[in-house]
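**Q** As a plain string of letters, each chain reads:
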Amino acid sequence: MVRKISFAILSVAILVTGVIALRKLNYWESSVWIFKLNSGQLTEGRTGHDQGDGRGHSGFRDQRRLERAEGIEGRQRPGERFEGSPMRDFPDSIRERFAGRGPGIRDRNFPDSLRQEFPQEFSERSGRIPPDEGFRQRGGRGRGEFRGGKKINLGNVLWYLAVFASFTVAAIYADKWLRLIRKSKKTELCQ
Amino acid sequence: MLLLMDPRSFYGISFHEWAGLIIGLPFILHKLLNWNWIKKVSLGFFRKCSGRARFNYVLDVLLLAGITLMILSGIAIARTIDFSWLNLGGSRMFWRVMHTSSSFITLALFGIHLGLHWNWVLQRLNLKKTNNGEKN
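First to last, the protein sequences are chains Z and C. The first sequence begins at 1321 in our numbering and counts up by one. The second sequence begins at 2 in our numbering and counts up by one.
Watch out, some of these pointers could steer you wrong.
[To be verified] Think about it this way: if two alpha-carbon atoms lie no more than 25 Å apart in a straight line, the pair counts; the simulated DSS-like pairs of lysine-lysine are:
no., chain 1, residue 1, chain 2, residue 2
1, C, 129, Z, 1503
2, Z, 1506, Z, 1496
3, Z, 1344, Z, 1356
4, C, 49, Z, 1503
5, C, 49, Z, 1496
6, C, 49, Z, 1506
7, C, 49, Z, 1505
8, C, 129, Z, 1496
9, Z, 1324, C, 129
If you are wondering where the hints come from, they were derived from the structure by calculation, not from laboratory data.
If we strip away everything but chain C, and leave its shape as in the complex, we get (with noise of 0.2 Å):
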């Protein structure tokens, strides 16, 4: 994703289009491999959800907004690849500071989001220990 942010670095905006629309379906496939936990959350967020949880459902909800407005300006501006025919309408200068502004602010919210994940990506490279004393 990181080397898809500035296309000037890596093959120009062809490459950089193609693969932002492409990288919209691991996020995708992500949020239905946790399917499980964002329904449990969402019908319990205001009961029974430890803070933490609550915290990291927010977040999600951020980022899931964040790659939406990305996808939907990189489609509003897109130039190699034709979307004219979806008319979003807004100024083009309203679209390129929204694809700016949102894919800044959610690579930031990626970073938290990786770093409160921190302990179960160890635990995924088994570099660290489960809570049972057992790598995973």
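With the rest of the complex left out, here is chain Z (with noise of 0.2 Å):
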């Protein structure tokens, strides 16, 4: 009984761990995001294969929504100060402060609510991301291209893992309640 218990609540605990991280991660707004392409989308800008050169590619605003449909809103980006997963955790504001820069007179009056509905028209205001057409000049990464280096950042892979984690855990008990019904249907149907 105990173990059962102990189960039930690790299980609770997955799915709200779960639900929390589909909100950090859009994950909705992510997955249906292909199906809300225009035609326009599907052809504009194609360059095939290209190492960075990033010309002929949609707009800046494009780039800023498609990385907000990823789940990356606030993640390191090319010329962008870096910030590491706890930091991010963090409400703007303080943020800000820990920067050195305190709040901005436009961005202090919103409440964090605002900025998660609104992500973009936030992070544009406040200019904390710049164009990366003078990295990309200097001959960096293109648009899109990933630090990476040779350091291992396992924040966000917990929040996937917590995704991941939750979908399997409510299979699990979706499962055992449908079998449980069969079973008491067939019992009914034998008595």
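Using the hints, put the two chains back together into the complex; each one sits in its own frame.
**A** Following this line, the structure appears as structure tokens:
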């Protein structure tokens, strides 16, 4: 019995973490993003295999939307100050304070819920993310390229793991529930 | 697979691309090992199969489509491996969005797939007895 209860508590914890991860990664938005693309976006700016040139791509705004859909809002981009995963979890006001810039006039009156609702607008307003043209011209990576390097950052992986685990747990319990229903129906028929 | 999901997490984009390609091999192997089940359910999908087998079959087909799209879009947007000779067409943005969407959907489908085969996994790991009461 104790084992069952502890499993149930663990499952609830996994599910709750999964829901948080779903929101944090913009999971739903990213999953259905492909179905929201219009026909113009299917063909424009094709450059084939590129190694950081980036010419002919759609605009910077589209790129920001894409990155938002990928759930990487607030992550490090070329030319941007590095913020480790613990720092990313803080609201913008705290992060700016740490950066020694203080709260921006435009930003400080907005609650975090609004930032989550319109992350693109906020990030563009605050000007934290400079366009990467200069970076590319210096021979760096192209748009969407990642620094990678030799460092392993498992912070992002844990959120994906949480989503994966929550789907697994949900499937296990849904399966059990369906089996129970089927079993009870069978016993009813037998009686 | 999870570690490969985010190129920022694990040794960068080059590793992400190579490992993404390589991970396709165990997937093909997995399909080959379960070829008899695929054949059986494919032949009897509308007649003999149970609802559960049908659901698993549909899920597996979706997983196959998801992985194919993931690899295809990954090839189209690859930066460190030159696949330009394949000339896949379509905009770069389309392929990036396709890569993101397909990988997110496939991850969820994998979770459901594992959940539905959880008993089998426990039996394989000797953590659960089989229906006959014997350890597998």
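**Q** Now look at each hint and say whether the structure bears it out.
**A** Evaluated hints:
{"no.": "1", "hint": "C:129 with Z:1503", "verdict": "20 Å, holds"}
{"no.": "2", "hint": "Z:1506 with Z:1496", "verdict": "15 Å, holds"}
{"no.": "3", "hint": "Z:1344 with Z:1356", "verdict": "20 Å, holds"}
{"no.": "4", "hint": "C:49 with Z:1503", "verdict": "20 Å, holds"}
{"no.": "5", "hint": "C:49 with Z:1496", "verdict": "23 Å, holds"}
{"no.": "6", "hint": "C:49 with Z:1506", "verdict": "20 Å, holds"}
{"no.": "7", "hint": "C:49 with Z:1505", "verdict": "21 Å, holds"}
{"no.": "8", "hint": "C:129 with Z:1496", "verdict": "15 Å, holds"}
{"no.": "9", "hint": "Z:1324 with C:129", "verdict": "14 Å, holds"}
The earlier numbered hints are all upheld by this structure, with none contradicted.
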